[in-house]
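What follows is the residue order along each chain.
2 protein chains.
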Amino acid sequence: MKLSIVIIGDEILLGRVTDTNSGLIAKTFSESGWQVAGVRTVGDNAADINAAISQSLDQSDLVITTGGLGPTRDDITKSVLTDIFGGSLNEDPAVTANIEKIFAGRGLVLNDLTRRQAWVPTSCRVVMNRFGTAPVMWFERNSHVLVAMPGVPFETRGMLGEVKELVTGHFGTADHIRHHEFTVTGITESDLAERLASFEDSLPLGFKLAYLPSPGEILLRLDGAPGAPDSIFDIHAGNLRSILGENLAGEGKLSPAEIALHKLRGRKWTLATAESCTGGNIAHLFTIISGCSDTFKGGIVSYANDVKTGILGVDISTLATVGAVSDDTVRQMAEGAATACHADCAVATSGIAGPGGGSPEKPVGTVWIAARTPQRSATKLCRFTGDRTAVIDRASAAAINLLCDLLD
Amino acid sequence: MKLSIVIIGDEILLGRVTDTNSGLIAKTFSESGWQVAGVRTVGDNAADINAAISQSLDQSDLVITTGGLGPTRDDITKSVLTDIFGGSLNEDPAVTANIEKIFAGRGLVLNDLTRRQAWVPTSCRVVMNRFGTAPVMWFERNSHVLVAMPGVPFETRGMLGEVKELVTGHFGTADHIRHHEFTVTGITESDLAERLASFEDSLPLGFKLAYLPSPGEILLRLDGAPGAPDSIFDIHAGNLRSILGENLAGEGKLSPAEIALHKLRGRKWTLATAESCTGGNIAHLFTIISGCSDTFKGGIVSYANDVKTGILGVDISTLATVGAVSDDTVRQMAEGAATACHADCAVATSGIAGPGGGSPEKPVGTVWIAARTPQRSATKLCRFTGDRTAVIDRASAAAINLLCDLLD
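Respectively, the protein sequence lines represent chains A and B. Numbering-wise (our numbering), the first sequence opens with residue 1 and increments by one. Numbering-wise (our numbering), the second sequence opens with residue 1 and increments by one.
Careful: at least some of the hints might be erroneous.
[As the list claims (entries may be wrong)] Some chain B residues well away from chain A (every beta-carbon gap over 12 Å; in silico):
#, residue
1, N90
2, E140
3, I235
[Unchecked claim] With a straight-line Cα cutoff of 20 Å, these simulated EDC-like cross-link-like pairs (lysine to aspartate or glutamate) come out:
#, chain 1, residue 1, chain 2, residue 2
4, A, K27, B, D387
5, A, K268, B, D306
6, A, K101, B, D191
7, B, K101, A, E189
8, B, K164, A, D387
9, A, K27, B, D48
Derived by calculation from the structure, the hints in this document are not laboratory data. Quick reminder that beta carbons are idealized off the backbone N, C-alpha and C, glycines included.
Next comes chain A alone, as it looks inside the complex (with noise of 0.2 Å):
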């Protein structure tokens, strides 16, 4: 079966606000065997609202939409749909009770603007937003229903599991196609996709290999064909996992921060962070996981020259000869954050972000990064290409990974 989704909203259309709503419906809609036909991002203009919805639903069996649910003029959602769907705007005195619950909780005065949030379509029911006041409407135009949900990330992801329970109850499950994914690190895409050749070559019809690359790590996505039965999927996969021997860091999509993590528990052992280059972002990857605590004990970020000699005990004489981007520095960064954190493991990163700040000798993109363990250490020169972000990005994936081949 078909999903479409419909993106609404200038704020996503004119690039001020990234879109990751449409990302997380997809992915749990195609874990769940439908197929993502496509996502369409459109402006607050009943037009391009209208004609996006109307096409979607013509291709596809599902249609969620999120975004252009908010109180101010320039939210027409609703009477787009009403438009589509028929009915006329009414006040659902349930919504209204919602509404007035959240706003007392919050101690903030409710005003007609946002009261009007609570007028839905006649022709549409009403699924009670549990974490904002906009709710979530589901309709129905002969086998095709279109689910209305608000654009706030953390409402659309607090609400989807409900409303992959109304669909899976409206459609049923879907066709039954297995997929399973392997995080792979330390190759190419290019040579992967060399050494896979073979076993590409010998997949059964409907089968598909995908790669999907990230700074520091590919994910493979195998997908078994419609209907094929689960032993000889796995045959396959057994030989995809053969094939990848130690490139193969785990099953499922990970994070690098959640390969190290993992591998940190393992050994029970504590992590600490110094990060100049990187500010914060790798302190950031690793507390952004759910129960980091037991591991993470903390982090500093040394932009500094004083910082990284006051807490962290670099030699002023380091720095003074051989300059903060140093192997020397970055290495005296992993081991005074790990004792300043009473930590057994460290990363630590020390570079040029860029645009700014590069030399003939160290050039923009240029990175020292360090890992040390209660048993090994090692620091790794790198040189990165991209801008600020980019370089950000990749020296962080670089560190953890570079911590993770430590802790193999």
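Once you've looked at the hints, dock chain B against the given chain A.
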């Protein structure tokens, strides 16, 4: 003139990688007066790519695609483009030379799959990619133009300026549409909409005011009517400034960290951070700003209590009596960060990001934030709704906004 964007790739469509290219392209062209008609995301499937490109070409003067140009088997965009625009795939020696140069610079060996990136449709004009191996391709059909760009974000970012110049050279400058943005803080979207109701009624036909909310700030975007005189636009922009008053944090779109950095530089004060529940995210938000090192000295991520006491000097008795998530702790964290990093100002956070760790007295979402300058200090108890990511994002914005309040 109308622009449509097509994002190609299973990794985006299935939510494995978040698309940031479409937002950047839309923002860049809309600021030059281009009307963004819509964005479509499709998977690595020839029929879907063909349909999305063909429909976008029909309804737009310019179509920009990203992705689908990699060396692996699932990248089929070039053959679809040959189907649409004619010609055949031929090796371009200049592209081969570019790829060989890039690989030599990285010390990598060129394999046959990467060599295939130099095969381009004879119906296109090649724009050399200065940031990677996949060439940018320029196609024309009747008066419509399609530009196919690589999907790697820093390559898209890097090549976009050159693509925009070529587009301007081809189409001329777009219709003159004035627009201006205002960063607004300290007011809810509903209250702001009520305050601006009569201003919106006063706008001439064709003018448009859009609300683009994100945690801790609302971006207002005022668009003039096509061809409206500058003097009229300036009068209404001036009226809007007066009505916004002290809620106007700055002209244009500024992040809270950019606002804070601007104010800190005005005072010649430096900054340090002490983060528990935000886990390095505040430091990251400052250090992604190029040139921040003149002001941001460093920070401590104090996840474990012994990091709070050891590096930040939080009293053990405070932690034992009122706990880590308390007014006293977060105030001591801010003071400790300023002292440890030799900084004038500091922000600190301590709270429960969830999903675990909550209690009836301190439920998930409870966060104490603190800020201090040489002249003032403040703490604040916040209760955020949303999941772990939302709490981290909101607590980060709230802490930076508290600092901004102290700097006014």
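Status of the hints after comparison with the structure:
{"no.": "1", "hint": "N90", "in the structure": "21 Å, holds"}
{"no.": "2", "hint": "E140", "in the structure": "25 Å, holds"}
{"no.": "3", "hint": "I235", "in the structure": "21 Å, holds"}
{"no.": "4", "hint": "A:K27 / B:D387", "in the structure": "18 Å, holds"}
{"no.": "5", "hint": "A:K268 / B:D306", "in the structure": "18 Å, holds"}
{"no.": "6", "hint": "A:K101 / B:D191", "in the structure": "18 Å, holds"}
{"no.": "7", "hint": "B:K101 / A:E189", "in the structure": "19 Å, holds"}
{"no.": "8", "hint": "B:K164 / A:D387", "in the structure": "18 Å, holds"}
{"no.": "9", "hint": "A:K27 / B:D48", "in the structure": "18 Å, holds"}
Figure legend: structure checked against the earlier numbered hints; every hint is met.
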